[in-house]
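Undergrad: Sequence:
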Amino acid sequence: MAIIGFNFEKIDAERKKDSVKGKIDIKNNVAVTNISKKDIKTGSNSQKVARITFDFNVNYEPKIGSMKFTGNILYLSESDKIDGLVKEFEKTKKVNQEVMPVVLNNILNRCNIQAIILSQQINLPSPVPMPKVNISNKKAQEKKQKK
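Take the sequence shown: its position 92, counting from 1, is numbered 92 in this note's numbering, and each next residue is one higher.
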């Protein structure tokens, strides 16, 4: 069970307003839109993989901008597991619970990195909170600790 391929098919980023006052809410959403079987050549052999298509969206409230990523992942496993994964998705439109964490973590890792880069390029707030360094006065801290 491994991710052997990751491809972006479409990336769309838009800033709608120049400035906004007040709080900005950022909502991320990922959805698996399709799972299909695909044969890939590995040397002289051919292996069956699951092609998992996804949409990842970043929406800003108030509506100052948005980003949308569409892509696919190639998931390698035993042939019968691939068949079961595809059949289960066709029936329920849900991803198998065993496969879901691997797939979603990979999508989130790749898409969040691209979303941070794009947000910087079109002057939107980062969709992922960035670490901040706080420098405080040592004397003020010592006084607080003595009290």
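A few of these clues could be false.
What the hints assert, rightly or not - 27 angstroms max Cα-Cα, derived DSSO-like pairs, lysine-lysine: (1) K21 x K68; (2) K38 x K94; (3) K23 x K63; (4) K16 x K27; (5) K16 x K48; (6) K132 x K87; (7) K23 x K132; (8) K21 x K48; (9) K38 x K91.
Unchecked claim - Taking CB as the label site, the calculated pair distances span: (10) N134 x T70: 33 to 41 angstroms; (11) K17 x D55: 17 to 25 angstroms; (12) S46 x N123: 45 to 53 angstroms; (13) Q97 x V133: 33 to 41 angstroms; (14) G84 x K63: 16 to 24 angstroms.
Derived by calculation from the structure, the hints in this document are not laboratory data.
Glycine included, every Cβ here is placed at the ideal spot set by N, Cα and C.
Undergrad: Now tell me, hint by hint, if it's right for this structure.
TA: Okay, the hints, checked on the actual structure:
1. K21 x K68: Distance of about 24 angstroms is within 27 angstroms: holds.
2. K38 x K94: holds, 19 angstroms
3. K23 x K63: Distance of about 12 angstroms is within 27 angstroms: holds.
4. K16 x K27: holds, 16 angstroms
5. K16 x K48: violated, 43 angstroms
6. K132 x K87: violated, 46 angstroms
7. K23 x K132: holds, 18 angstroms
8. K21 x K48: The given pair, whose Cα atoms are some 52 angstroms apart, is violated under the 27 angstroms limit.
9. K38 x K91: It holds: about 19 angstroms lies between the C-alpha atoms, which stays within 27 angstroms.
10. N134 x T70: 33 to 41 angstroms: This hint holds: roughly 38 angstroms between Cβ atoms.
11. K17 x D55: 17 to 25 angstroms: holds, 24 angstroms
12. S46 x N123: 45 to 53 angstroms: holds, 47 angstroms
13. Q97 x V133: 33 to 41 angstroms: About 39 angstroms separates the Cβ atoms of Q97 and V133, which means 33 to 41 angstroms holds.
14. G84 x K63: 16 to 24 angstroms: violated, 41 angstroms
Violated hints for the displayed structure, listed by number in ascending order: 5, 6, 8 and 14.
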